[in-house]
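Undergrad: Chain by chain, the residues:
8 protein chains.
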Amino acid sequence: MDGKALKRLLGGVKSGRLPVEQALNSLRALPYEDLGCAKLDLHRSIRTGFPEVVFCQGKTGEQSVEIIKRLAKHHTKVLATRAGPDIAERVAEAVAGSVYHPEARVLVVDRTGTKRARASRVKKYVMVLCAGTADIPVAEEAAVTAETMGSRVERAYDIGVAGLHRLLDQKERIMGANVLIVAAGMEGALPSVVGGMASCPVIAVPTSVGYGASFGGLAALLAMLNSCAAGVAVMNIDNGFGAGYFAHLVNR
Amino acid sequence: MDGKALKRLLGGVKSGRLPVEQALNSLRALPYEDLGCAKLDLHRSIRTGFPEVVFCQGKTGEQSVEIIKRLAKHHTKVLATRAGPDIAERVAEAVAGSVYHPEARVLVVDRTGTKRARASRVKKYVMVLCAGTADIPVAEEAAVTAETMGSRVERAYDIGVAGLHRLLDQKERIMGANVLIVAAGMEGALPSVVGGMASCPVIAVPTSVGYGASFGGLAALLAMLNSCAAGVAVMNIDNGFGAGYFAHLVNR
Amino acid sequence: MDGKALKRLLGGVKSGRLPVEQALNSLRALPYEDLGCAKLDLHRSIRTGFPEVVFCQGKTGEQSVEIIKRLAKHHTKVLATRAGPDIAERVAEAVAGSVYHPEARVLVVDRTGTKRARASRVKKYVMVLCAGTADIPVAEEAAVTAETMGSRVERAYDIGVAGLHRLLDQKERIMGANVLIVAAGMEGALPSVVGGMASCPVIAVPTSVGYGASFGGLAALLAMLNSCAAGVAVMNIDNGFGAGYFAHLVNR
Amino acid sequence: MDGKALKRLLGGVKSGRLPVEQALNSLRALPYEDLGCAKLDLHRSIRTGFPEVVFCQGKTGEQSVEIIKRLAKHHTKVLATRAGPDIAERVAEAVAGSVYHPEARVLVVDRTGTKRARASRVKKYVMVLCAGTADIPVAEEAAVTAETMGSRVERAYDIGVAGLHRLLDQKERIMGANVLIVAAGMEGALPSVVGGMASCPVIAVPTSVGYGASFGGLAALLAMLNSCAAGVAVMNIDNGFGAGYFAHLVNR
Amino acid sequence: MDGKALKRLLGGVKSGRLPVEQALNSLRALPYEDLGCAKLDLHRSIRTGFPEVVFCQGKTGEQSVEIIKRLAKHHTKVLATRAGPDIAERVAEAVAGSVYHPEARVLVVDRTGTKRARASRVKKYVMVLCAGTADIPVAEEAAVTAETMGSRVERAYDIGVAGLHRLLDQKERIMGANVLIVAAGMEGALPSVVGGMASCPVIAVPTSVGYGASFGGLAALLAMLNSCAAGVAVMNIDNGFGAGYFAHLVNR
Amino acid sequence: MDGKALKRLLGGVKSGRLPVEQALNSLRALPYEDLGCAKLDLHRSIRTGFPEVVFCQGKTGEQSVEIIKRLAKHHTKVLATRAGPDIAERVAEAVAGSVYHPEARVLVVDRTGTKRARASRVKKYVMVLCAGTADIPVAEEAAVTAETMGSRVERAYDIGVAGLHRLLDQKERIMGANVLIVAAGMEGALPSVVGGMASCPVIAVPTSVGYGASFGGLAALLAMLNSCAAGVAVMNIDNGFGAGYFAHLVNR
Amino acid sequence: MDGKALKRLLGGVKSGRLPVEQALNSLRALPYEDLGCAKLDLHRSIRTGFPEVVFCQGKTGEQSVEIIKRLAKHHTKVLATRAGPDIAERVAEAVAGSVYHPEARVLVVDRTGTKRARASRVKKYVMVLCAGTADIPVAEEAAVTAETMGSRVERAYDIGVAGLHRLLDQKERIMGANVLIVAAGMEGALPSVVGGMASCPVIAVPTSVGYGASFGGLAALLAMLNSCAAGVAVMNIDNGFGAGYFAHLVNR
Amino acid sequence: MDGKALKRLLGGVKSGRLPVEQALNSLRALPYEDLGCAKLDLHRSIRTGFPEVVFCQGKTGEQSVEIIKRLAKHHTKVLATRAGPDIAERVAEAVAGSVYHPEARVLVVDRTGTKRARASRVKKYVMVLCAGTADIPVAEEAAVTAETMGSRVERAYDIGVAGLHRLLDQKERIMGANVLIVAAGMEGALPSVVGGMASCPVIAVPTSVGYGASFGGLAALLAMLNSCAAGVAVMNIDNGFGAGYFAHLVNR
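So the sequence lines, in the order shown, correspond to chains U, A, S, W, H, V, F and D.
First residue of the first sequence? That's 0 in numbering that gives the first Met the number 0, and the numbers climb one at a time after it.
First residue of the second sequence? That's 0 in numbering that gives the first Met the number 0, and the numbers climb one at a time after it.
First residue of the third sequence? That's 0 in numbering that gives the first Met the number 0, and the numbers climb one at a time after it.
First residue of the fourth sequence? That's 0 in numbering that gives the first Met the number 0, and the numbers climb one at a time after it.
First residue of the fifth sequence? That's 0 in numbering that gives the first Met the number 0, and the numbers climb one at a time after it.
First residue of the sixth sequence? That's 0 in numbering that gives the first Met the number 0, and the numbers climb one at a time after it.
First residue of the seventh sequence? That's 0 in numbering that gives the first Met the number 0, and the numbers climb one at a time after it.
First residue of the eighth sequence? That's 0 in numbering that gives the first Met the number 0, and the numbers climb one at a time after it.
Hints in this document: simulated from the structure, not taken from any laboratory.
Be aware that a few hints might be false.
As the list claims (entries may be wrong) - Okay, the calculated bits of chain A under chain D, using three or more residues with CB under 8 angstroms as the criterion:
1) 96-104
2) 228-240
To be verified - DSBU-like, lysine-lysine: derived pairs with alpha carbons at most 35 angstroms apart:
3) H:LYS170 <-> V:LYS122
4) W:LYS170 <-> U:LYS13
5) H:LYS58 <-> D:LYS6
6) U:LYS58 <-> S:LYS6
7) S:LYS13 <-> W:LYS123
8) F:LYS122 <-> D:LYS123
9) U:LYS13 <-> W:LYS6
10) S:LYS68 <-> S:LYS58
11) S:LYS122 <-> W:LYS123
12) F:LYS170 <-> H:LYS170
Glycine included, every Cβ here is placed at the ideal spot set by N, Cα and C.
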């Protein structure tokens with residue numbers, strides 16, 4: 000109930016059309032869904048082209064497949080993360096146009112037909128970097144998420160800080176990006192170095208790659224939170240999806 | 000040394016003007032700053048209007064004052080964070096146009112004269128929220144940073160999740176923001192709730208406000224990293240400056 | 000051995016029917032539950048309708064089944080938590096009236112025949128909320144426990160803070176509850192938001208749902224302990240049983 | 000603004016005494032406590048006799064005193080926790096009827112005049128236990144909070160588990176309580192032992208009392224979360240206020 | 000109430016001397032203090048010659064002094080740990096025969112006059128070792144405690160593992176001890192080395208000596224818990240008192 | 000090289016039998032094994048009747064079996080801990096007189112034939128307590144270790160603090176013990192309560208029994224380190240062997 | 000592209016044989032190993048005899064085998080760590096001269112044929128020590144790495160601090176080493192003791208050997224970082240490769 | 000007592016000038032530094048030019064001054080770390096030739112007169128880098144330590160990874176170093192980047208510089224332990240002395 004509706008209500012009271020008791024009840028009983036919270040979600044979905052998302056981890060294969068199928072009936076885009084190949088196969092049989100990205104473990108249903116085409120025409124792009132080959136699954140989860148949402152995505156993988164020349168070679172592309180996603184495990188130093196080179200926002204994603212004192216990605220997480228480079232924000236460990244989503248919000 | 004310079008060098012070799020040995024040395028000795036890394040910093044500073052920043056914590060008062068004075072000679076904008084009132088007083092005597100923000104503990108020298116004026120005319124704004132009154136210093140550090148960099152900033156403080164109506168009351172302004180900064184201590188739940196309401200990127204800043212099992216902000220930090228709302232990225236504990244900087248990069 | 004039995008024994012001694020030595024042995028050999036200390040346990044059991052509880056985790060299937068069967072001989076209610084379907088099957092063959100709740104992984108033997116019926120007639124109820132579908136097993140463990148103890152239980156699942164409207168939709172039922180159980184993983188923000196809405200005690204149950212920096216439920220646990228809403232107390236991670244038990248003590 | 004005031008406003012609009020625009024502004028400018036959401040807070044306050052609460056820690060003395068004074072103008076009960084004696088002195092000069100509890104570091108303004116008197120007549124009581132003398136400040140914060148809210152409170156201090164007889168001596172009073180608060184530092188074992196004796200809910204409050212591997216109360220906190228006794232819920236370290244508040248919600 | 004008393008009670012019932020109701024109440028009301036828990040403490044004190052102990056840390060100077068004075072009236076031995084020199088001075092004025100050990104920060108009141116004399120005649124001794132000079136306060140707290148309880152104590156300080164010859168030089172005395180206390184900070188390696196040399200129990204006391212990754216003694220604590228030498232048990236960080244007490248229990 | 004040997008050497012030099020150079024080399028080259036470190040081990044083994052110990056965890060079955068067989072050739076007692084039933088079977092085929100304790104997962108080869116017999120005649124005993132049935136494997140590892148070393152061992156299991164009467168029932172046996180081993184998981188409160196009842200040393204063994212915030216036994220470990228009862232020392236998590244070994248050293 | 004090639008290119012430009020555009024493209028398209036930064040890598044490889052390294056953990060068997068085969072085509076030495084026997088078998092079929100070290104889980108392809116021979120002639124050696132037999136895999140990873148790089152390596156295993164004589168027996172060899180690697184799990188005390196004996200640098204490698212409060216090697220790691228012996232530096236948990244590599248850099 | 004003195008003693012015994020008993024006592028009473036074990040220490044001191052070291056932290060000013068004075072009587076070099084200016088002043092009055100390094104908080108007494116002179120002539124050098132100006136105290140502690148021991152030291156400070164050009168500028172000097180010390184706080188990324196550039200050993204020193212999630216240097220420590228660059232070993236947080244010592248051992 001916005002200002003206009005409120006005025007209309009008061010007008011009704013003044014004119015006698017709306018009895019005081021009824022107005023009182025209206026004001027008291029204002030359900031929260033009338034504040035537009037729920038509608039807002041729909042609006043946002045339409046506006047941003049953002050797909051419905053299914054987080055498959057912790058669900059049984061059957062549950063995941065069922066949810067994906069149901070969503071695919073009502074939405075033109077569905078994104079399922081942490082999806083194994085078995086889920087992909089079963090969805091492929093049931094849903095036309097589903098595409099599976101095995102490295103990202105992401106399944107995409109996209110009937111809008113516009114994403115990739117549009118992406119190639121736009122100048123603004125999200126760039127996804129990662130430090131080592133073992134970080135690629137997380138990087139790909141981010142990349143596929145941003146692409147599915149409609150962003151053009153550039154990739155540069157295996158450019159860890161222990162071989163700076165590989166990173167410096169990507170300087171041009173890094174400088175040209177609109178927003179950067181940097182995934183790294185172990186010591187998680189890459190976002191700091193990239194943050195010093197770039198003038199756009201850097202989204203750092205620690206990965207659980209490492210052993211011993213990496214403590215499942217904690218070392219990389221802490222390193223990124225303490226980055227000496229300004230302009231670096233951090234996602235949860237292995238949260239490629241979150242990085243891709245955030246990057247698209249910045250990029251669009 | 001960009002493509003042009005390289006071509007010129009090779010041209011010199013071809014024409015015989017530049018002996019091979021000398022060209023060889025030039026190519027070998029190419030300092031890295033000639034690759035544009037260092038220039039880049041200057042370019043960025045000019046392009047973004049970003050001020051030079053001094054982190055006063057861990058420096059003696061004398062060191063901080065000296066650095067601020069020196070920077071203020073060559074730059075039109077200087078930002079000093081974690082600056083106590085004593086530093087502010089001593090800078091005020093020496094540098095014209097310095098403004099101290101006591102709650103943010105930020106000192107700003109701005110001779111461009113454009114910020115506030117310009118901010119009032121722009122439509123895109125950064126919105127800074129915080130959960131409790133004790134979080135205001137961090138929120139203000141973020142707000143003053145973004146303003147000094149040139150963003151228009153809106154504020155809404157003391158709107159923690161335990162009194163949802165205070166937050167819902169800000170819905171319009173939250174929905175209209177271009178990027179959100181949300182500072183919260185204790186259980187750090189506010190960014191998740193805001194993230195569910197907003198369609199723009201949310202930068203979550205855990206604060207060290209709390210006691211006992213807040214472990215100096217760790218509880219809020221972990222909560223924010225695990226936010227169930229997509230579109231939330233996280234800064235270090237109490238890092239208001241980083242949030243303001245990042246927000247401006249997104250907003251500009 | 001309750002008060003009546005004890006009086007009967009003493010009466011037998013007085014009348015000479017029961018020799019002193021035999022009475023002495025009876026009193027000495029009383030299993031713990033017949034001693035003064037344990038008597039209390041029986042009294043409580045009768046008064047609260049509380050069942051005997053078996054925690055199956057860490058026991059072999061055989062051990063669990065054996066204990067359940069033995070308890071079911073002497074008690075009208077037995078509750079077995081963390082019980083897999085294999086245990087349920089084997090108990091079903093041996094014990095009449097056992098009911099298995101697969102989502103809660105709880106097995107109930109209830110021969111009192113009164114619970115559900117009585118529950119529908121009472122006005123006071125325990126309400127169990129959870130943030131995501133993955134939290135349902137913990138929520139159900141709590142709900143089934145409270146129901147088995149004799150409380151009426153209302154449920155509202157998948158109402159996490161990132162979609163406030165889902166939560167606000169439940170406002171009436173939340174306001175009407177006598178005590179609330181709120182299970183949530185990831186950032187564990189739901190109890191704070193609910194605590195701000197409700198005027199009854201809130202029992203927060205962190206779940207191990209999440210990944211990366213959730214550290215097996217630690218993030219949710221810390222968040223709940225630091226809740227800015229007054230009236231929130233916390234259980235161990237995944238301890239649905241404890242929450243249901245505590246809630247019934249408050250509710251009865 | 001309660002129902003009556005709202006009705007009066009609408010009546011004014013109907014009668015033409017109150018212009019629509021003015022009514023509109025009234026409704027828009029309603030301070031939070033007059034909105035539907037906040038009304039609830041007032042209702043609860045009236046119903047539970049719960050005072051407004053000020054958490055002084057992290058505020059300057061001046062801020063705390065100012066807030067307490069302002070609240071004392073509009074409320075019959077104000078509770079200020081973590082309040083030093085200096086705050087108490089300054090409030091005493093300005094606010095009639097303020098009482099300071101130095102051990103609890105709690106300041107109470109109560110003009111209802113009913114609490115203690117009423118408490119002595121009621122049968123249901125909250126019992127507050129603590130393990131060592133060093134835990135008394137936390138226990139007293141809990142006790143004074145519950146008393147100020149209107150509960151009758153019984154106390155039994157310095158009854159740690161290393162001297163069981165002291166605890167067993169209190170068995171009668173413990174058995175008779177409606178809800179128990181148990182504060183303990185160091186190994187935090189007392190709630191488990193009490194939980195095994197009592198048939199009512201036990202609210203465990205870990206304190207930061209200890210040294211070395213107590214890690215500021217972490218040891219006690221973890222112990223309480225892992226209590227083998229059912230019916231135990233846990234508060235944040237040193238959160239006596241939260242325990243007293245929760246206990247009153249259960250007790251009333 | 001032991002077997003005899005129980006038989007007597009039942010005999011009374013049989014003979015009619017004891018009415019059933021009264022017997023019933025006797026059995027029901029068996030107070031726990033009748034089990035002798037509290038008496039036991041007194042017995043132990045007499046039997047072991049163990050003093051009453053005051054832990055001054057966390058108490059005000061006044062409280063500590065008052066408690067020590069009160070105890071000194073009824074006991075021939077009082078031990079106050081973590082006591083500063085100010086407490087010692089004030090006790091010295093009021094209590095005859097108090098001795099202060101400044102390094103141990105322990106104050107002893109001993110009117111039995113037997114300790115040191117007796118100690119010199121006994122063959123069995125507790126040996127207290129420490130790794131560095133900074134560990135001496137903890138070692139002395141242990142040594143003075145064991146001595147005050149009545150054990151003969153030998154000392155060997157500053158014999159850390161980085162200079163093995165210093166330790167090997169003490170081999171004879173180490174081999175001859177009845178029980179060993181080994182205090183060490185930093186890496187806490189000394190108990191493992193000593194445990195490999197000795198054939199008696201070793202009580203390891205981690206100290207908070209160190210910096211950085213010693214995390215207030217955590218490194219030493221973990222090292223000692225993981226000792227590869229059998230026969231090593233561990234006390235809390237800096238708990239010299241506990242080690243001295245435990246050692247005396249083993250030694251006596 | 001002890002005093003006698005040194006004197007003999009010097010005597011040889013004096014008499015001219017031993018050339019200076021040769022004596023010099025002897026003194027320089029004094030191997031450490033001549034200091035008696037290695038011999039000492041043998042002496043200890045003979046004196047204490049302590050068996051050779053094999054820690055099977057982390058070894059392959061083959062390695063464990065091979066080591067046990069080899070040791071059994073030269074020693075009259077061998078103790079293998081963390082040994083699975085497969086190891087037991089293979090050893091049983093090859094080594095006469097091996098006995099497997101499945102709950103303790105301990106394999107004992109004892110050809111001295113004296114242990115149990117002797118144990119029944121001695122008055123001094125080690126008592127092993129544990130809180131829950133899940134702690135029994137650790138308790139049994141301790142009990143079997145102490146028995147194999149030659150101590151008489153008494154057991155009392157499943158007497159956790161949530162049902163104090165079960166513990167109080169064991170008071171007599173607890174009071175009569177020479178040294179106590181107390182194993183407990185979850186909140187690890189039992190050693191504190193037992194420590195308050197007993198007058199002998201208490202060896203606390205935290206177990207990894209529990210879930211959620213027990214963090215693999217960390218909660219119990221911290222609780223035991225912070226025990227408010229004096230006379231409690233702590234072993235590593237699940238280190239039943241270490242407790243049994245330490246207890247025997249105290250008991251013998 | 001080394002200096003010679005660069006000179007030849009410039010010579011070609013000068014002579015007109017190589018058009019400027021083509022030279023420009025050559026310089027631009029230089030593969031990484033031809034850039035200044037990467038050239039260094041090649042130089043280092045030649046100078047140190049250091050092999051290319053593959054970290055197999057986290058890669059599929061197929062990926063590892065493929066990478067090893069490809070590297071073996073261009074390099075005379077390849078080192079693959081954390082390689083299972085299945086990888087070794089498949090490489091053995093495809094690559095001549097591959098040698099598998101099963102305990103170290105290291106696969107070496109070395110066609111230089113010089114290592115072992117040369118090693119036996121050199122006086123300077125790396126010495127690798129470890130505390131227990133379970134630490135041998137990490138020690139061997141270190142030893143094989145250093146040997147493959149060209150260092151002579153001496154080994155002394157199972158010389159933990161609980162049996163000092165075993166360690167002291169190795170004094171001569173320890174004193175003669177040029178650099179020491181010391182691997183230990185559990186309490187990680189060995190590097191401190193060795194550091195006190197040796198006058199050369201000590202590289203400490205914590206291993207994940209242990210249980211309970213070893214927390215996967217954390218206890219050993221912290222102990223080593225806090226070593227009271229000067230001259231000790233620390234590697235990540237289980238990082239035998241890193242230790243061997245570092246030791247060779249020191250030793251060569 | 001070196002070899003000569005020992006020979007003289009034995010000669011005295013042989014000639015009869017020195018009675019056996021007296022020689023025996025001499026050998027027995029040898030102060031530690033005269034025994035075989037300790038002799039080594041002296042040898043090392045002479046060979047390496049290593050000074051005696053006093054760690055002032057945790058000692059009173061008086062203790063530190065006294066120890067330094069005493070050592071300065073018998074040694075030509077004394078190094079005191081963590082020494083405040085007050086200690087420096089008091090030593091300066093008493094000991095000729097003491098030099099205080101305020102940034103390093105190191106006090107050096109050096110009467111050999113050779114260090115700096117010699118250092119300028121040697122080619123091999125230790126290079127000390129640090130990331131930010133706040134890391135300089137730790138870096139200087141390392142540099143002064145290595146210099147005092149006799150190494151030539153080069154410095155390059157404030158070259159953090161967020162401004163790569165500053166680091167790349169130092170490439171020549173880094174490449175020329177014999178061993179590198181790299182101190183960094185916050186995210187601790189510098190050693191990884193330097194490790195990728197250099198071909199010599201890198202000693203990484205985490206500093207406690209930072210705030211929030213740096214947890215007193217833990218973030219930097221973990222990052223360095225997980226360095227993806229081979230050839231990096233790690234010291235304790237803020238342990239500049241240890242790094243300088245280790246570096247000199249490698250460099251000499």
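Undergrad: When you check the alpha-carbon spacing of F:LYS170 and H:LYS170, does it fall within 35 angstroms?
TA: Given pair F:LYS170, H:LYS170 holds - Cα atoms ~19 angstroms apart, limit 35 angstroms.
Undergrad: Mind checking the alpha carbons of U:LYS58 and S:LYS6 for me, to see if they're no more than 35 angstroms apart?
TA: violated (57 angstroms)
Undergrad: For S:LYS13 and W:LYS123, compute the direct alpha-carbon distance and say whether it is at most 35 angstroms.
TA: Violated, at roughly 39 angstroms.
Undergrad: Given the hint that S:LYS122 pairs with W:LYS123, test it: the Cα-Cα distance must not exceed 35 angstroms.
TA: Given pair S:LYS122, W:LYS123 holds - Cα atoms ~22 angstroms apart, limit 35 angstroms.
Undergrad: Do the alpha carbons of S:LYS68 and S:LYS58 lie within 35 angstroms of each other, as the hint requires?
TA: holds (15 angstroms)
Undergrad: Quickly compare the C-alpha distance for U:LYS13 and W:LYS6 to 35 angstroms and report which way the hint goes.
TA: Holds - the C-alpha atoms of W:LYS6 and U:LYS13 are around 13 angstroms apart, at most 35 angstroms.
Undergrad: Straight-line Cα separation of W:LYS170 and U:LYS13 no greater than 35 angstroms?
TA: violated (66 angstroms)
Undergrad: Holds or violated: H:LYS170 with V:LYS122, Cα cutoff 35 angstroms?
TA: Measuring from Cα to Cα gives roughly 33 angstroms; hence the hint holds.
Undergrad: Checking one constraint from the list: CA of F:LYS122 to CA of D:LYS123, max 35 angstroms. Satisfied?
TA: Roughly 22 angstroms between the alpha carbons, so the hint for F:LYS122 and D:LYS123 holds.
Undergrad: Quick one: see if chain D covers the region 228-240 of chain A, three-plus residues with Cβ-Cβ under 8 angstroms.
TA: holds (count 4)
Undergrad: Taking only the CA atoms, is the gap from H:LYS58 to D:LYS6 under or equal to 35 angstroms?
TA: violated (62 angstroms)
Undergrad: Between the region 96-104 of chain A and chain D, are there enough contacts, at least three residues with CB-CB distance under 8 angstroms, for the coverage claim to hold?
TA: This one is violated; 0 residues, fewer than the three required, reach chain D with a Cβ under 8 angstroms.
Violated hints for the displayed structure, listed by number in ascending order: 1, 4, 5, 6 and 7.
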